[in-house]
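So the sequences go chain by chain: A and B.
Read in order, the letters of the first sequence correspond to residues 3 to 420 in our numbering.
Read in order, the letters of the second sequence correspond to residues 3 to 420 in our numbering.
Hints listed in this document are in silico derivations from the structure and should not be mistaken for laboratory results.
Please note: incorrect hints may appear among the correct ones.
Since the list can't tell identical chains apart, any single copy or any two copies may satisfy a pair.
Stated by the list, open to error - List of simulated lysine-lysine pairs, DSBU-like, C-alpha gap at most 35 Å:
(1) Lys198 - Lys409
(2) Lys210 - Lys55
(3) Lys244 - Lys63
(4) Lys239 - Lys25
(5) Lys210 - Lys409
(6) Lys25 - Lys55
(7) Lys63 - Lys78
(8) Lys25 - Lys409
(9) Lys210 - Lys287
(10) Lys25 - Lys244
(11) Lys210 - Lys63
(12) Lys287 - Lys244
(13) Lys409 - Lys244
(14) Lys78 - Lys270
(15) Lys287 - Lys409
(16) Lys198 - Lys210
(17) Lys287 - Lys270
(18) Lys270 - Lys25
(19) Lys409 - Lys270
(20) Lys244 - Lys305
(21) Lys198 - Lys25
No experiment lies behind these values; they were computed from the predicted model shown.
2 protein chains.
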Amino acid sequence: MDIQSYMHSVGRAARTASRAMAKAETGAKNDALMAMARAVERDIARLLDANRKDVDAARAKELDAAMVDRLTLTPKSVAAMAEGLRQIAQLPDPVGEISGMSYQPSGIQVGRMRVPLGVIGIIYEARPNVTADAAGLCVKSGNAAILRGGSEAIHSNQAVGACVHEGLKAAGLPETAVQVIETTDRAAVGELITMKDYVDIIVPRGGKGLIERISSESRIPVLKHLDGVCHVYIDDKADLDKAIRIADNAKTQRYGTCNTMETLLVHKDIAARVLAPLARIYLDKGVELRGDDAARTLIAQMKPATEEDWYTEYLAPVLSIRIVDDLDQAIEHITIYGSQHTDAIVTEDITRARRFLREVDSASVMVNASTRFADGFEFGLGAEIGISTDKLHARGPVGLEGLTSLKFIVLGDGQIRQ
Amino acid sequence: MDIQSYMHSVGRAARTASRAMAKAETGAKNDALMAMARAVERDIARLLDANRKDVDAARAKELDAAMVDRLTLTPKSVAAMAEGLRQIAQLPDPVGEISGMSYQPSGIQVGRMRVPLGVIGIIYEARPNVTADAAGLCVKSGNAAILRGGSEAIHSNQAVGACVHEGLKAAGLPETAVQVIETTDRAAVGELITMKDYVDIIVPRGGKGLIERISSESRIPVLKHLDGVCHVYIDDKADLDKAIRIADNAKTQRYGTCNTMETLLVHKDIAARVLAPLARIYLDKGVELRGDDAARTLIAQMKPATEEDWYTEYLAPVLSIRIVDDLDQAIEHITIYGSQHTDAIVTEDITRARRFLREVDSASVMVNASTRFADGFEFGLGAEIGISTDKLHARGPVGLEGLTSLKFIVLGDGQIRQ
Numbered sequence: 003m004d005i006q007s008y009m010h011s012v013g014r015a016a017r018t019a020s021r022a023m024a025k026a027e028t029g030a031k032n033d034a035l036m037a038m039a040r041a042v043e044r045d046i047a048r049l050l051d052a053n054r055k056d057v058d059a060a061r062a063k064e065l066d067a068a069m070v071d072r073l074t075l076t077p078k079s080v081a082a083m084a085e086g087l088r089q090i091a092q093l094p095d096p097v098g099e100i101s102g103m104s105y106q107p108s109g110i111q112v113g114r115m116r117v118p119l120g121v122i123g124i125i126y127e128a129r130p131n132v133t134a135d136a137a138g139l140c141v142k143s144g145n146a147a148i149l150r151g152g153s154e155a156i157h158s159n160q161a162v163g164a165c166v167h168e169g170l171k172a173a174g175l176p177e178t179a180v181q182v183i184e185t186t187d188r189a190a191v192g193e194l195i196t197m198k199d200y201v202d203i204i205v206p207r208g209g210k211g212l213i214e215r216i217s218s219e220s221r222i223p224v225l226k227h228l229d230g231v232c233h234v235y236i237d238d239k240a241d242l243d244k245a246i247r248i249a250d251n252a253k254t255q256r257y258g259t260c261n262t263m264e265t266l267l268v269h270k271d272i273a274a275r276v277l278a279p280l281a282r283i284y285l286d287k288g289v290e291l292r293g294d295d296a297a298r299t300l301i302a303q304m305k306p307a308t309e310e311d312w313y314t315e316y317l318a319p320v321l322s323i324r325i326v327d328d329l330d331q332a333i334e335h336i337t338i339y340g341s342q343h344t345d346a347i348v349t350e351d352i353t354r355a356r357r358f359l360r361e362v363d364s365a366s367v368m369v370n371a372s373t374r375f376a377d378g379f380e381f382g383l384g385a386e387i388g389i390s391t392d393k394l395h396a397r398g399p400v401g402l403e404g405l406t407s408l409k410f411i412v413l414g415d416g417q418i419r420q
Numbered sequence: 003m004d005i006q007s008y009m010h011s012v013g014r015a016a017r018t019a020s021r022a023m024a025k026a027e028t029g030a031k032n033d034a035l036m037a038m039a040r041a042v043e044r045d046i047a048r049l050l051d052a053n054r055k056d057v058d059a060a061r062a063k064e065l066d067a068a069m070v071d072r073l074t075l076t077p078k079s080v081a082a083m084a085e086g087l088r089q090i091a092q093l094p095d096p097v098g099e100i101s102g103m104s105y106q107p108s109g110i111q112v113g114r115m116r117v118p119l120g121v122i123g124i125i126y127e128a129r130p131n132v133t134a135d136a137a138g139l140c141v142k143s144g145n146a147a148i149l150r151g152g153s154e155a156i157h158s159n160q161a162v163g164a165c166v167h168e169g170l171k172a173a174g175l176p177e178t179a180v181q182v183i184e185t186t187d188r189a190a191v192g193e194l195i196t197m198k199d200y201v202d203i204i205v206p207r208g209g210k211g212l213i214e215r216i217s218s219e220s221r222i223p224v225l226k227h228l229d230g231v232c233h234v235y236i237d238d239k240a241d242l243d244k245a246i247r248i249a250d251n252a253k254t255q256r257y258g259t260c261n262t263m264e265t266l267l268v269h270k271d272i273a274a275r276v277l278a279p280l281a282r283i284y285l286d287k288g289v290e291l292r293g294d295d296a297a298r299t300l301i302a303q304m305k306p307a308t309e310e311d312w313y314t315e316y317l318a319p320v321l322s323i324r325i326v327d328d329l330d331q332a333i334e335h336i337t338i339y340g341s342q343h344t345d346a347i348v349t350e351d352i353t354r355a356r357r358f359l360r361e362v363d364s365a366s367v368m369v370n371a372s373t374r375f376a377d378g379f380e381f382g383l384g385a386e387i388g389i390s391t392d393k394l395h396a397r398g399p400v401g402l403e404g405l406t407s408l409k410f411i412v413l414g415d416g417q418i419r420q
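Full structure from sequences and hints, please.
Below is the structure:
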C-alpha cells in the first residue's frame, strides 16, 4: 500500500465530507448518533469477537497488563459506548448558533455564527472506545474525522467503525465523515499530521510520549496537554475541614489522572494543624510524602523533596508538600513549577480567592473545590474530546464548542462603506 | 551584538513583564495609554525629526514611492497616533471579565475568565504608526509586546517607543511591557519567531511576502491572513439598486485593501439588467473587467478571464466577473476559488440569505452589505491588530479580545469529586 496516496485520498474524502457535515441538519446528525448506538448494541458479539483478536495478539506480544486492560472491551464497556453516543445526541447542536448581533453606526448588524472547524485528525492509543466517542463528538459538531487508533486495537476499531458508518448512512450523511485508518503502518501518522490542506486540527489522546512526538512533528495545530502538575494551596484563612477534604480528594480519589494534585502548598501558619491529620490520611492510604525542610519538621515520615519533585507529575501515590510564607509565594511556586493545567486555593478570604483566580495562569483555577473536577462532564460540557493547556483556541476541558470556531456575520440593507 | 542572546534577554524581560501586566489594574493601563498619547503630542517635533532621518535614508536607497509614503509621518499622522491611543484607553478592559458562571450538579459553580495571552510578537514593515497602535492594544489587553518594525523605520520606531516607555513608567507599569527591537539585523526576526518559551503568538503585519515567510518559518502560532479574494454574489432575487451600490462600493471604494471585492458572481437571470449599469460605472472609474464567456456576451469591453483570474487578489482596478446558474454554483465557486476572507450575497430572499450565511465558510459572511465593512472598527471592536483567515483562535478582524484567552474558573464550598 502506498501510504502517502492512501492518506491523501482519505484527506480529500474527509474535506469533501466536511462540507456536507457543515450544513447537515441537527436532526440528521442526531439520527446518525442514535443509529450508531443501536448498531453498537446489536453488534455486541461481533465487537467482542473483534476485540478478542486484538487482546489475544496483545497478550502474544506480551504487551504490559495496563495496556491490555485499556484495550479490552467488555459487555459493560460496549454498552457505555452506546450510551455515550446517545448522550452526545442529546447535547445542543453548537453549529449555526448566532450570538452578539448588534447594530453598528453604519447601520449594518454584526454578530458571530458558530461553525465547524472542518476536518479533525484524532490519534490515540489502545482504547477502542475512543473510536465511538471521537466519532460522535465530531459528527455532532459538524466536522469530518480521521481516526488513527493504535495498531494493537485495529480489529476493534474497524468493528466500531462499521457501526459508525452504518449510523451515518442510515441518516443520509456521508460515510466518509468518519474514516478509520485501515493501516497500522506508522507512516500514516506522519502523513496525517502534515496534510495541511486536508486536516484542520490534530487531537492526540494517550500517553505523554505520543503527545510530545505528535506536537513536535505536526505541521497542523495540535490540541493537547502535556503535563498535569496540579497544585492545591491551603491558605491560613482556610476552613480546616474543607482543606483536609479537598487535599485528600485531589490526591487520592484517583492517582493516575491529569487533574490529580501532585504538589500541596500550605501556608506556614496553618501547616501544623492541617498537615498532622492530612499526613495520617495519606499514609493510611499508602501515599508517599516528600516535603521541604519546614514540612519535614512537622511530619517525621516525610522524605526530602528535591527540586525535581516540584516539576514532577507522579501519576502515582506520591505527593510533594511545601510550606509557603504567604499567597505570593504560593502563586510564585505555581508559576515556576506548574504546568498551567489545574490549580486550587482553599481559603475563606474573598480577596485572596480573587487574587488567586486572577493571577494563576492555568486552564482551570479553583476556589474551595478539588482539582479532580477539571473535566468536561463535571464542567457541564456534556462530553470531552480532550484537555488543552495551550492558550490559543480552546483551553481546559474541550467539548463540542472546542471543535468549532466563530465567523462574523453581517446583515445589511444595502449599506456601503463611506 | 550577539543577536540570539540579545533576543533571549528581550524575551525573558517580556515574559516577566507579562506577569505584571496580567494583573495590572484597568486604571493603570488607561493611565499609561493617556500618558503615551500626551508624550506623542508633546514630542511631535522629535518624532518628525527622527522620521526625517528614516525617510532621507529610504530616498537615498531609492526605495519605491509607496514604501516611502507608508514610512512618512506628518503632523496629522502623529496626531492620529495619539488619538488612537486615547481611543484604546476608552475601550472596555477585556481582562478579568467573567462569563457563564453556572452551578453544576456537584454543587461547584463553573464559568470562564478572560485572560491575556502573555507575550505578543509583532513583526511589521514600514509604517511607524503600528508601533503606537500595537503597543496600545497589547497594553490594554494585559499583554507584553515585542515590536519588530522594518529596518527602514528604525529611528521613527525608537522615537515612538520612547513615548510608549514614558507612558508605562508614568503609570507604574514595567517599561519592558513594550520592547522595540533595537537592531535591524534580520536574524532578530528568526529568533523572535522561534522563542517558544518567551512568545505566545506572532502577528505579522505587512505584505504577503512577509506574512508567508513568517508563517512558514515560525515555531509559534501566527495570527494572519494571506489572501483576500473576496466575492459579491448578486442573486436573481436581489434588489437592483442595492446590488449596484454594493458591487460598486466593494470594488471601487479602495482598490488596495484585503476586503475589496476581486470577483463578482451574478445570477444568469439578472445578469443583463445588473451588468449593463455596473459595467458603465466600473469602466468610467477605469476598472478593467475580465469575464467568463457568458458575461462577455453582455459586455463588449470585457477581456476573457482565465482560470488564474478566479484565484487572483488583484489589489488593483481589475475585476473578474462570472455568470452563475444559481446559489449552489455561486457557493461552489467561492469554496473553490475563495480565500475564506469576506464574501457577500445580495438578495431579498431570506432562505437564500440563510443558506449563504451558513454554507460560505469565510471569516466574514455578509448579506446586503459591502465587503469593505470587514474591519475591526466597522464591526464595533474599537480597534484592530489584524485580520485572521485561520479558523483556530481568532477569526476575521481581531481586536482586544483576540489578544486574550479564556480560562475556566471554579467556585466551590468544599466540594470533592465522588
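Hint check:
1. Lys198 - Lys409: both (20 Å within a copy, 28 Å between copies)
2. Lys210 - Lys55: Only inside one copy: Lys210 and Lys55 sit 27 Å apart there, 54 Å across copies, limit 35 Å.
3. Lys244 - Lys63: neither (48 Å within a copy, 71 Å between copies)
4. Lys239 - Lys25: between (53 Å within a copy, 22 Å between copies)
5. Lys210 - Lys409: Result: close both inside a copy and across copies, 33 Å intra and 22 Å inter.
6. Lys25 - Lys55: neither (39 Å within a copy, 56 Å between copies)
7. Lys63 - Lys78: within (26 Å within a copy, 76 Å between copies)
8. Lys25 - Lys409: both (15 Å within a copy, 30 Å between copies)
9. Lys210 - Lys287: Answer is within; shortest intra-copy Cα gap is 27 Å, inter-copy 61 Å.
10. Lys25 - Lys244: between (49 Å within a copy, 28 Å between copies)
11. Lys210 - Lys63: Within one copy only: 22 Å inside, 53 Å across.
12. Lys287 - Lys244: within (19 Å within a copy, 74 Å between copies)
13. Lys409 - Lys244: Only across copies: Lys409 and Lys244 sit 24 Å apart there, 44 Å inside one copy, limit 35 Å.
14. Lys78 - Lys270: Intra 48 Å, inter 59 Å, cutoff 35 Å: neither.
15. Lys287 - Lys409: between (51 Å within a copy, 33 Å between copies)
16. Lys198 - Lys210: Both: 24 Å inside a copy, 19 Å across copies.
17. Lys287 - Lys270: Within. Shortest intra-copy distance 25 Å satisfies the 35 Å Cα cut-off; inter-copy 77 Å does not.
18. Lys270 - Lys25: Result: close only across copies, 25 Å inter versus 58 Å intra.
19. Lys409 - Lys270: between (50 Å within a copy, 29 Å between copies)
20. Lys244 - Lys305: Classified as within; 26 Å inside a copy, 78 Å across copies.
21. Lys198 - Lys25: within (22 Å within a copy, 37 Å between copies)
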